[in-house]
Amino acid sequence: GAGVSQSPSNKVTEKGKDVELRCDPISGHTALYWYRQSLGQGLEFLIYFQGNSAPDKSGLPSDRFSAERTGGSVSTLTIQRTQQEDSAVYLCASSPYRTAGNTIYFGEGSWLTVV
Amino acid sequence: GENVEQHPSTLSVQEGDSAVIKCTYSDSASNYFPWYKQELGKRPQLIIDIRSNVGEKKDQRIAVTLNKTAKHFSLHITETQPEDSAVYFCAASLNDYKLSFGAGTTVTVRA
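Those protein sequences? They're chains R and D, same order as listed. The numbering of the first sequence is the numbering used here, which starts it at 5 and goes up by one. The numbering of the second sequence is the numbering used here, which starts it at 178 and goes up by one.
Hints were generated in silico from the structure; no laboratory data involved. Cβ atoms here follow ideal geometry from the backbone N, Cα and C, with glycine treated the same way. A hint or two may mislead.
Said to hold, decoys possible - DSS-like cross-link-like pairs, simulated, lysine-lysine; straight-line CA separation at most 27 Å:
(1) K234/D <-> K219/D
(2) K245/D <-> K234/D
(3) K219/D <-> K61/R
(4) K248/D <-> K199/D
(5) K214/D <-> K15/R
(6) K15/R <-> K219/D
(7) K234/D <-> K199/D
(8) K248/D <-> K214/D
(9) K235/D <-> K219/D
Said to hold, decoys possible - Covered stretches of chain D (in silico footprint by chain R; criterion: 3 or more residues with CB under 8 Å from a CB of chain R, positions within the stretch not fixed):
(10) 222-233
(11) 276-285
Turn these sequences into a full structure, and let the hints guide you.
In structure tokens, the structure reads:
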């Protein structure tokens, strides 16, 4: 079936504006992750959703960042009052969450540029 | 939390030679160690993974080794080809949850 789908693929926004990034995970995958990748850097964990459990928000860098997942499927990452240091690729990933063998699949990412 | 270090940050090899990337991790409870390949402008894609109950795993030209005592694991690519040029990331996690990634290794295969 289809892979992890993210939108928009590219977003240029002015400093101080809010942005929303959307992720549509692979159908049937109960686990969903958001990672951030700054230019030339590794992948920084932001937030994790698993089924109906409370999300793990331990990676969110500030209270300007929030995420929700509606109906256990689509997720939205919101960045309020964007700053230039928020410029990065925001990668969503999903996995089926079995007790073993959980391959994590990434989307193509949303490239955010704050000017 | 888990801390993963990856070396080298860049690696240039002659086509046909081998490439080795090494990672260390800090949390002895981690039991899942995947490797991802990311081509320029593309998504990271899983190329191989290993779990803590085995010491080595091979898939054609790539292999991964794990030393749990020393808390390090390595990726080996043999007979490198130009299409192996990419950024490679190692990662570690407990029970496949919340992968902690290394900083990445940019591999360039010279023709």
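Going down the list of hints, with the structure as the test:
Restraint check: the Cα-Cα separation between K234/D and K219/D comes to about 26 Å, which is no more than 27 Å; the hinted pair holds. Pair hint K245/D plus K234/D holds up; C-alpha atoms about 14 Å apart against a cutoff of 27 Å. In summary, the hint linking K219/D to K61/R is supported, as the alpha carbons are separated by about 26 Å, within the 27 Å threshold. This hinted pair checks out: K248/D and K199/D have alpha carbons roughly 11 Å apart, not beyond 27 Å.
Our distance criterion of 27 Å between C-alpha atoms is met by K214/D and K15/R, whose separation comes to about 25 Å. Using a Cα cut-off of 27 Å, the hinted pair K15/R and K219/D holds, with the two alpha carbons roughly 16 Å apart. A threshold of 27 Å between alpha carbons decides the hint, and for K234/D with K199/D the separation of about 15 Å falls inside it, so the pair holds. With a C-alpha separation of about 22 Å, the suggested pair K248/D and K214/D falls inside the 27 Å cut-off, and the hint holds.
A hinted pair counts as satisfied when its Cα atoms are at most 27 Å apart, and K235/D with K219/D qualifies at roughly 24 Å. Only residues whose C-beta sits within less than 8 Å of a C-beta in chain R count toward coverage, and the stretch 222-233 of chain D has 4 of them, enough to reach three; the restraint holds. Closer than 8 Å: that is the beta-carbon criterion, and the stretch 276-285 of chain D has 6 residues meeting it against chain R, so the requirement of 3 holds.
Checked against the numbered hints listed earlier, the structure breaks none of them; every hint is satisfied.
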